[in-house]
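Participant: Chain A is already provided as a structure; the job is to place chains B, C and D on it using the hints.
Chains as they are written, first to last, in this note's numbering: chain A, 419 to 871; chain B, 419 to 871; chain C, 419 to 871; chain D, 419 to 871.
Source of the hints: derived by calculation from the structure; they are not laboratory data. Keep in mind that the hints are not guaranteed to be accurate.
Which copy is meant is left open, so a pair is good if it fits within one copy or across any two.
As the list claims (entries may be wrong) - Straight line, CA to CA, 25 Å or less: simulated DMTMM-like cross-link-like pairs of lysine to aspartate or glutamate:
1) K524 with E612
2) K427 with E543
3) K427 with D751
4) K427 with D822
5) K831 with E685
6) K800 with E612
Source: prediction; values computed, not measured.
Next come the chains, spelled out residue by residue.
Number of protein chains: 4
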Amino acid sequence: MAMFLEKVKTPGLAHLSWVIGDADQAAVIDPRRDIDVYLEIAKSQGARITHVIETHRNEDLVSGAPMLAERTGARVLHGPNADQEIRYAETVRESDCIELGNLVLKILETPGHTDDSISIAIHDENNPGDAVGVFTGDALFIGDVGRTDFYPDRAEEVAGKLFDSLNKLLALGDQAIIYPAHGAGSVCGSGMAEREFSTIGHERLHNSMLQIRDREEFIEAKLDEMHYQPPYFRRMERLNAEGGSRLPTPMGLTPLDPETLLARRDEGCDVIDIRSPESYAGAHVEGALSLPLGLITAYAGWLLDPDRSLVLVADDLDQAGEALVHFGRIGYDRVEGAYSGGMAAWAASGNAFDSVPLVDAGDVSQRVGESKDLWQLLDVRKKEEFDRTAIEGACHIYLGHLADRLDSLDRDKAFTVLCGSGMRAMVGASLLRRNGFDRVDVFLGSMGAWTNR
Amino acid sequence: MAMFLEKVKTPGLAHLSWVIGDADQAAVIDPRRDIDVYLEIAKSQGARITHVIETHRNEDLVSGAPMLAERTGARVLHGPNADQEIRYAETVRESDCIELGNLVLKILETPGHTDDSISIAIHDENNPGDAVGVFTGDALFIGDVGRTDFYPDRAEEVAGKLFDSLNKLLALGDQAIIYPAHGAGSVCGSGMAEREFSTIGHERLHNSMLQIRDREEFIEAKLDEMHYQPPYFRRMERLNAEGGSRLPTPMGLTPLDPETLLARRDEGCDVIDIRSPESYAGAHVEGALSLPLGLITAYAGWLLDPDRSLVLVADDLDQAGEALVHFGRIGYDRVEGAYSGGMAAWAASGNAFDSVPLVDAGDVSQRVGESKDLWQLLDVRKKEEFDRTAIEGACHIYLGHLADRLDSLDRDKAFTVLCGSGMRAMVGASLLRRNGFDRVDVFLGSMGAWTNR
Amino acid sequence: MAMFLEKVKTPGLAHLSWVIGDADQAAVIDPRRDIDVYLEIAKSQGARITHVIETHRNEDLVSGAPMLAERTGARVLHGPNADQEIRYAETVRESDCIELGNLVLKILETPGHTDDSISIAIHDENNPGDAVGVFTGDALFIGDVGRTDFYPDRAEEVAGKLFDSLNKLLALGDQAIIYPAHGAGSVCGSGMAEREFSTIGHERLHNSMLQIRDREEFIEAKLDEMHYQPPYFRRMERLNAEGGSRLPTPMGLTPLDPETLLARRDEGCDVIDIRSPESYAGAHVEGALSLPLGLITAYAGWLLDPDRSLVLVADDLDQAGEALVHFGRIGYDRVEGAYSGGMAAWAASGNAFDSVPLVDAGDVSQRVGESKDLWQLLDVRKKEEFDRTAIEGACHIYLGHLADRLDSLDRDKAFTVLCGSGMRAMVGASLLRRNGFDRVDVFLGSMGAWTNR
Amino acid sequence: MAMFLEKVKTPGLAHLSWVIGDADQAAVIDPRRDIDVYLEIAKSQGARITHVIETHRNEDLVSGAPMLAERTGARVLHGPNADQEIRYAETVRESDCIELGNLVLKILETPGHTDDSISIAIHDENNPGDAVGVFTGDALFIGDVGRTDFYPDRAEEVAGKLFDSLNKLLALGDQAIIYPAHGAGSVCGSGMAEREFSTIGHERLHNSMLQIRDREEFIEAKLDEMHYQPPYFRRMERLNAEGGSRLPTPMGLTPLDPETLLARRDEGCDVIDIRSPESYAGAHVEGALSLPLGLITAYAGWLLDPDRSLVLVADDLDQAGEALVHFGRIGYDRVEGAYSGGMAAWAASGNAFDSVPLVDAGDVSQRVGESKDLWQLLDVRKKEEFDRTAIEGACHIYLGHLADRLDSLDRDKAFTVLCGSGMRAMVGASLLRRNGFDRVDVFLGSMGAWTNR
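Looking at chain A on its own, in the form it has when it is part of the complex:
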């Protein structure tokens, strides 16, 4: 039985978790809430999950640690100095070791991103000495380092701690492979590489934050960073101290016919359309919010009230089931059912539908020259994207902030919403429509099309 180390990637959140083991024993690092994947990996290796280790308290997703412990009897280990007591975990500290066959996992306290952040060096007893690899949590990513904006009062202090933690990681040696908790696309960093394999050595040479060798300079750089913090983060932190519950099962998702969906909507459920932006543009249920499957984990936490029930409009029930899992990963459990019969059947049953016009680069470039009194280009990307390149005359409101900033917009104007490709723009457009903006269209292709026009 070989030593094994497998990656479990959660797209959307760009979350990485890991299963490592030897000799019939396995440890899971930073499990997500839908834990069957870890059980499957352990089973295929003939191993028993004996340890679950959290590199830090998660703010962006529901931790699967308590569920995994309940299912397997594994011990949950968590770093020291957590903001709140982690009810389901034991505390581990610097130099604590966990043995799995001939593997030794050694705890390194690496605070900065959070006070309780740890890294976990991997040693092989057959070749004792240097670490083979290291789980770096949210301390060190490939191409970036952890964000340090979660303690606004202690901003300098925690940035400095991260600097020290990174030095501790560098001291492991160039040969150590790094296994971080996030990859490209995560909100937990902004400069992460597209590449998901690297070593301390490669990062030492190429990670731009590791090129800053002066502590003060590093702190300054961190303080200059700007990160979005969706409102659900606070809820996740509390929930992950208490320990979340098992994910509702997609198998039980109720198929809804048009009448039932409308009845639920009228009872106060949010109607969420998880189909592609072009499907939504073509035809959608009146009042539905566009939130394509791939954007759920990134934007539900900004746009949706966790206490309201959701009903979905989906291409099919499998897609709706996937959405239920995505919602569940960030703590939205109240998915009541899904309509997936298509908008042709929807309309054929006598139900009303709505459309959103799409415009292209030609249309936009024509209007850009027109009067600003009647028409407004609205860019909903992140500020850093907007700052890098934007269309003249466009106003910027980040999609996550749009709901709170509607009053700043003139309802008498027509709006063309844009983003990078049109996906987020459609979410923004649907939000405007739900709030009574009548003349809204979307620039399909958005900045991509604009640049390539």
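Facilitator: For chains B, C and D alone, kept in the frame of chain A given last:
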């Protein structure tokens, strides 16, 4: 090991095939081209497929009999009097018996639908005497009987033969369960029940064609029927006499990026958009024909040249792989690849896209009163549907005939295309657009919405 | 959307359950405890499970009705006159109707097997009048009728009731297809056909019990029948009145290494070897009971104390997971883990193992002539099998009764255990070994080999 | 779309292949013959396989490169100086580069194991300069280096070349992750680590062969190594120059009943029992060779004539299908069918069976003291294992050589066969039995049990 009898349903074609067996042996009745499903069933029963029986030469799909025989060594059995020699099959005749453990399959010649049509009575040696069930092929359906329009010169003769064949089936007794080759939705009959389980007894009481007890009256009723015959039927007949080849594997389907898809289009490939009509309405590749997945087997045979290569626009590669199978079932093997990245990414790469406006019942009822000179309502349903109920002023061209009838339409007019729900209408609309009609929209919901308005 | 009717077969218990539906609604008849299969079928049909119907209180398995109701919100319907209140169900009575689209399910009270037994006739509103089919529960099987030995005090009365119920079913007409709750191999009947499809008409002609047209004669025939009643039946009845709990998930089954398995054994867990009899014969854990996967549902209820925990020896974890489901279906939930590393690795870790010699027909025929003082042939089949044909000099103890009858056996003798093939014999042999019988072997091939020698 | 790099591990052969890609393009390194896994990975990443690279001509398995090229249109690249022309490949040389999005794969000629061996450095255009990783083929493993015994005439020369090649790899820098073509358990090296992740840095520090910094000393060490070379290696080399054919599909594997299996045996098929050694010990088909599933790729090449057909005895058809794939990976395509009904049913049909007695450490230690004239302990492990530790008085013949060395054994003696655990011993015992040795048993647990006794 119990005797088993399992149904394999092929949606779209509404084709039913069957696996029956006992004591480690199995027979497959009327296999389709993608045969793994039969092998799976046999494996799960621990049985070896020893016989493949065709109830008639298939005109609407590629027979899987030769592939199944090649893979398993099974004998292929086919009725007598085929129009062409069936190269891969042995001929069976009235009263021939096939034994599978304690099951006996007994051949009944039941011509009419085709000259070579047979039915297969199922007897259980443990209870000899009356048939337990009967595979009725295209002779007797649940709620209907087989069409008899394939020999225009001998229309009366073959309708009379079918009458006699049905009497032979009725003579099996009320207790016999029937297992036909098609269910509701097939083009091989028009009055088939939504229900897929019945007996000779229940059909004797309720099948309207079986209520006609006079031979001449029956012949007259059959001659009065109107059936569409897509052009690919002739090709299928020839191919199924020779024996088709194995289905191309969906696994090898090439993902295309936008540039490659466009290059293929410019080299002469047909671009087929298999997504939902609302997705196509929202945004689609210029020049693409709308043909939603569920309509492929019904309309590709009308609309596409089997000698041209196809490239697909799909929601994802799984859907494209499914489409490849659907195309393959009716002998369209030249699917070269698929773009499935979404229209937002498509446009973001700087590529042009097109949309089709959707209108609703309110829009249509407003226009119905307007001048006919500028605007035409075009109904593409089957004639029998149109005859049952239609919107005043609509002109009717069956979707299968539309390509040949474009010259009868006034290109200066605007067109609103409709069908039952909007699915087929979108196919028709895309056909008009590809042929230079500029002002085309689709009535989403179509007759369903009109009736429920 | 066609009307659908799908069979779910549970091997071992030979239990049949059914999903029937139309127009987005589905009903499940007699669900088992592992209910995902019903949810999958409903999903694939795009239907919502709105009704769960029990044809009678189950005595041989845990009903899945309450779990399915909890997951889907469906109503549970149960016949009148149950021995105990069915807590999770509403009572339905003669002629009550349930509508699912154009399908109508009509209740027929058919007591006899139990007082609360109902049958459910299937009508199609498109062809009103005669039933298309009927769910017959444990009243009428294919080739047999329900057992009536559950009320020993009222034996004649309930046999007579069954006679009347069967007449009610016959009155539905020959055309009605029958869908019973059990197939061949079930302990709920003994003459069931290997065939799983039939009609009222075919049964009227061929079911031997339906050939008895005199009520008194029928009652007499029923009173003459002999049925085994495993002790867990009583527990199932109580549990199914209360409503059982969800099945433990096979995913969480703990892999055990040899040391842990032995530790559990020493703590009092039963070690159950679910591998083939030849694997057990070759090498097994000392003290393990042989209970091959396929025999669990038939014999665990006889041999195992539901209050003791179990640890399994399996070929692999998938097989152990299957066993967990089989145990769960009959209410044995305490499966603590499984060893699946093979006996070579087991022994290589320094652990002891045991073997059981296998003998063949030659060996047995040689010994049959030998002195009876030293050697005893022990046949553990059902009495009806033994009565039909047996080896001279063999003594008979039914496997289910063996544990209680050990004292009747002379421990100084050598024993050769036999059954039909050697499967049940190995279970019996392992039971003898666990109880201190030293010289036990098994006749592999058993009566099959004897007959074919 | 992140850059991806996924491992595909083939147990048994301990073969590692890799899929690496970026921006819709993927390359596969050293594909095995069953290629669907690569297509699945590419599909899940939305990428098109454009390149297949072989690090050397494979001698231990059938290369999947030509099949993958045929299915995808990918180019196949192979190093220079192959012994025979590789018909399906283009030659690449030092410093050639392949671009996949922002990834650059750079060829390093690293001969030694074979003349055509290459390694492939992975560079990320976003961080140009140092390699992120390197595919090392059979040049450098984790914990070992490639064997250099394939050119006996040029033994020193090629060992020296490997030394130089390893230096070239070390020059890539400590930060480079290594991705070799084999892991622990492969016959292509003997000291490989159980761990499957490492870097140039870690190997530089811990790989014992890399500690030898003197070229002559390294050559000497390589010349001292002893490797087994199964006879099928020569066939693989030729076949992999020509290009093998597609793997037969497990789906079509014919289930055999006992009679058919025996008929095939009598026609000259080899009967191969792929079940566990304890199942074989319990009962097996007379004349069957024991070759448990997990040993097929390691020993079929020694024991089986590739021109003879095989029939299998398996636990179930899935296991037989797996075996078909294992056989196919090393070029044994003639698997004609499988019996999987169990030995109880086998014997119950009146067929003879055989058993192999198992003995334990107690039995063996008792006999060790006994006379050597009647009984012989036979150890079939590799010589290096035997040399490390053995039981006094045991004679050693490597399992791969046993068939050729039967004449050296005294047929009048009894034999107890042993290995590490009993698996290989059972293969050896079955070989003896097939060759007329009457008194053969197996030490279950073998050296493991002996050491732990």
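Participant: Now tell me if each hint is right for this structure.
Facilitator: Checked hints:
Taking the closest pair of Cα atoms, K524 and E612 come within 25 Å of each other only across two copies (19 Å); inside a single copy the shortest separation is 28 Å, beyond that limit. In the homo-oligomer, the alpha carbons of K427 and E543 lie at most 25 Å apart only across protomers (24 Å), although the nearest pairing inside one protomer, at 28 Å, exceeds that limit. For the identical chains of this complex, K427 and D751 are intra-copy neighbours only, at 21 Å inside a copy versus 33 Å across copies, given an alpha-carbon limit of 25 Å. In this assembly of identical chains, the alpha carbons of K427 and D822 never lie at most 25 Å apart, being 32 Å within a copy and 51 Å across copies at closest.
Taking CA atoms no more than 25 Å apart as the test, K831 paired with E685 passes in neither setting, with 32 Å inside one copy and 45 Å between copies. For a Cα distance limit of 25 Å, the shortest separation of K800 from E612 inside one copy, 19 Å, qualifies, whereas the shortest one across copies, 46 Å, does not.
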